[in-house]
Amino acid sequence: MNALAALTFRELKSLWYSPIGATVSALFLLIQGVVFWLLILILNDPRVDPSWNMARLFFGGFFYWISLFITVPTLTMRTFSEEKRTGSIELLLTAPVTETQVVLSKFLGAWIAYALLWTLTIVYFVVLRAYTPFDWGPVAAGYIGTLLMGAMLIAIGVLTSSLTRNQVISGLFAFVILLLIFCVGILSMFVRDPEAVAIIRYLSLPDHVNQFAKGLLDTRPAVLYASVTAISLLLTGRVIANPRWRS
Amino acid sequence: MLLRRRGLDKRLSHNHNDSIPTNTMTAAIDVQQLTKRYDAVTALSDISFSVQPGEIMGFLGPNGAGKTTTLRILTGMIAPTQGSVRINGLDVTQHPLEVRRQIGYLPENVALYPELRVKEYLDYRAQIKGVPGIQCKKRVQAVMEQCALTDMQRRLIGRLSKGYRQRVALADCLLAQPKVLILDEPTVGLDPHQIRQTREFILALGRTTTILLSTHILPEVEMICQKVIIIDRGRIRAVDTPDRLRRSLSAFGVVRVQLRADMNQAMPALQQLAGIAKVSRQGEADGFFMLDIEPKEGQDVREPVFLLASQRGWTLRELSAQRASLEDVFVHLTTHEQTTEGAVQGAPA
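Top to bottom, those sequences are chains A and B. Numbering of the first sequence is given in my numbering, commencing with residue 12 and proceeding in unit increments. Numbering of the second sequence is given in my numbering, commencing with residue 9 and proceeding in unit increments.
Just chain A, with the same shape it has in the complex (with noise of 0.2 Å):
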């Protein structure tokens, strides 16, 4: 095994073990819970077209949107910051690693639990599709996006975590700086050049999902996210290999 992959390796492990992914994934999952109920809820309304787009009700709604502001900071928020405080990382930092795969596996650690779970909704949608037919497309096209849009704000939660080494500041502050970056499509609203409202519009993460949902996969909103992810992961990078942060 090579060290990246014993890295993220640990990270996962680490994240495990400690109570914040317990409690991480046993809130996700009751929300998650309350979504699926409420599926059930609507599809059972005989007004409901049966043959209603699945993947809308599930992704972009309220509840998707809490869902992913929970799990991201909580996710991210110890990755430095833990390793910072207690001092942890110095053994790290002085093993014959490279910092690149040092920020690499933190940002794999938290992306891999983040997907780990999404993927346990997938049930959700094996259970109704038993019971209602619907297209797997935009479900599938929903879960991809979610994917990459969570490695954008997950990398940017690791930068946070590289901040500062208290755990909190750190997840506050990530949780800020995604609530900051959903709202950027509100601007629109106030905007009139209309070349103006296309860059809002692109950086929209709500009309992301929303068009993901339709079963549209468009590259464009890939291509922000992964130069957002790499960005942050560069910044990381620089962050602690800053002789002040390392002192």
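Because the hints were derived from the structure by calculation, they are not lab data. Hints are not guaranteed to be accurate.
[Stated by the list, open to error] Among chain B residues calculated to face chain A with C-beta under 10 Å, some are:
#, residue
1, 87
2, 90
3, 121
4, 124
5, 131
6, 132
7, 138
8, 160
9, 164
10, 167
11, 168
12, 180
[What the hints assert, rightly or not] For each label pair, taking beta carbons as the anchor points, the in silico distance ranges come out as:
#, chain 1, residue 1, chain 2, residue 2, range
13, A, 252, B, 71, 43 to 49 Å
14, B, 117, A, 187, 28 to 34 Å
15, A, 109, B, 199, 36 to 42 Å
16, A, 258, B, 170, 43 to 49 Å
17, A, 194, B, 117, 39 to 45 Å
18, A, 158, B, 117, 33 to 39 Å
19, B, 140, A, 158, 47 to 53 Å
20, A, 48, B, 159, 49 to 55 Å
21, B, 185, A, 29, 31 to 37 Å
22, A, 257, B, 146, 32 to 38 Å
23, A, 241, B, 98, 29 to 35 Å
24, B, 99, A, 147, 56 to 62 Å
25, B, 106, A, 158, 36 to 42 Å
26, B, 298, A, 258, 47 to 53 Å
We put the CB at the ideal spot given by N, CA and C, even for glycine.
Starting from the known structure of chain A, arrange chain B on it as the hints suggest.
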């Protein structure tokens, strides 16, 4: 203890120059003109020393002297402002991974992952240290046996006592069979029994490995180390064997005298004796007066004192040069005219 400061310093720095080998090609640790500044604060200024393969080098200094800073530069944790560090001939800043592969580092603050079990942690460390897959299991077993951790392998690290945690960290150091061990205060916080075990362990390791041992426990250095570096306020004050350091101080040390005589005559007579800088009365017991005689630089005053006593008919019960301990050397070299506060602020630990 009263000492002639300048003379001793000269002598110590002379020794220091002697001990730096001109040929440093083969040194296990070679530090040249190392300087570390934090903004306006200079934590290390122009430090040079080398440790030969197989040597156990003590690294002594008061808190804030720059010990930990030096060790962190050696392990590549922080970069030096100036100067170079070579481990087995490899530059730390140019070949960081190779160097870290050859070093086992025990930091001052042993922080492990409390949620992992001992064996789990060592497996993980073996993997990131690049111990080949087939050997991993064997190495982990071997270090656990070496550090008496086999019975504890299923324990959560967070539940271990300080002593065991230290052992886990030490086991981790040894996993990749490093050629150089850098140990930052390995016995701090351990009970006397554990301290003794750790010392014996380090001594045993020293037969095959180069060790740089930072500490401020002086008996430890005398027991374990072949050579000592004394550092203070970011500068090297002395490099030598503990024995020679002690002797260099004793040569100028105080002579303790006990005699029965009329003090009104004896005191002035002694003070007039050539080679004596100062005589001070320390007390009286069974009619004998205890005197501490501080000689002038480089003088042995025991013979003149004896001759004077026999000539005047004084009864002499004790005439002994006080043997300096490493502690005296340490205190002497690291005591400043100014307050020590400056030193504490001077360098972040």
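Item to check | Proposed interface contact between residue 180 of chain B and chain A, which counts if any beta carbon pair is under 10 Å | outcome: holds, 7 Å
Checklist entry - Does 31 to 37 Å hold as the CB distance between residue 185 of chain B and residue 29 of chain A, or does it fail? => result holds, 32 Å
Item to check | 49 to 55 Å as the expected CB spacing between residue 159 of chain B and residue 48 of chain A, which holds or is violated | outcome: Given about 50 Å between the Cβ atoms, the range holds.
Item to check | Interface restraint verdict for residue 90 of chain B against chain A (beta-carbon cut-off 10 Å) | outcome: violated, 13 Å
Checklist entry - Should the hint that residue 117 of chain B and residue 187 of chain A are 28 to 34 Å apart at their CB atoms be regarded as holding? => result holds, 32 Å
Item to check | Status of the residue 160 of chain B interface restraint (C-beta, 10 Å, chain A) | outcome: Because about 18 Å separates residue 160 of chain B from the closest Cβ in chain A, which is outside the 10 Å limit, the hint is violated.
Checklist entry - Is the distance from the Cβ of residue 158 of chain A to the Cβ of residue 117 of chain B consistent with 33 to 39 Å? => result Given a distance of about 38 Å, which is inside 33 to 39 Å, the answer is holds.
Item to check | Supplied distance hint 56 to 62 Å, evaluated on CB atoms of residue 99 of chain B and residue 147 of chain A | outcome: With a Cβ separation near 57 Å, residue 99 of chain B and residue 147 of chain A satisfy 56 to 62 Å, so the hint holds.
Next on the checklist: I want to verify a distance hint. Is the separation of the beta carbons of residue 258 of chain A and residue 170 of chain B within 43 to 49 Å?
Outcome noted: violated, 25 Å
Checklist entry - With a cut-off of 10 Å, does the beta carbon of residue 167 of chain B approach a beta carbon of chain A closely enough for the hint to hold? => result Since the shortest Cβ distance to chain A is 13 Å, the answer is violated.
Checklist entry - residue 109 of chain A and residue 199 of chain B, beta-carbon distance inside 36 to 42 Å? => result Check passed, 39 Å falls within 36 to 42 Å.
Checklist entry - Is the distance from the Cβ of residue 298 of chain B to the Cβ of residue 258 of chain A consistent with 47 to 53 Å? => result Given range 47 to 53 Å: holds, Cβ gap about 50 Å.
When each numbered hint is compared with the structure, violations occur for hints 2, 8, 10, 11, 13, 16, 19.
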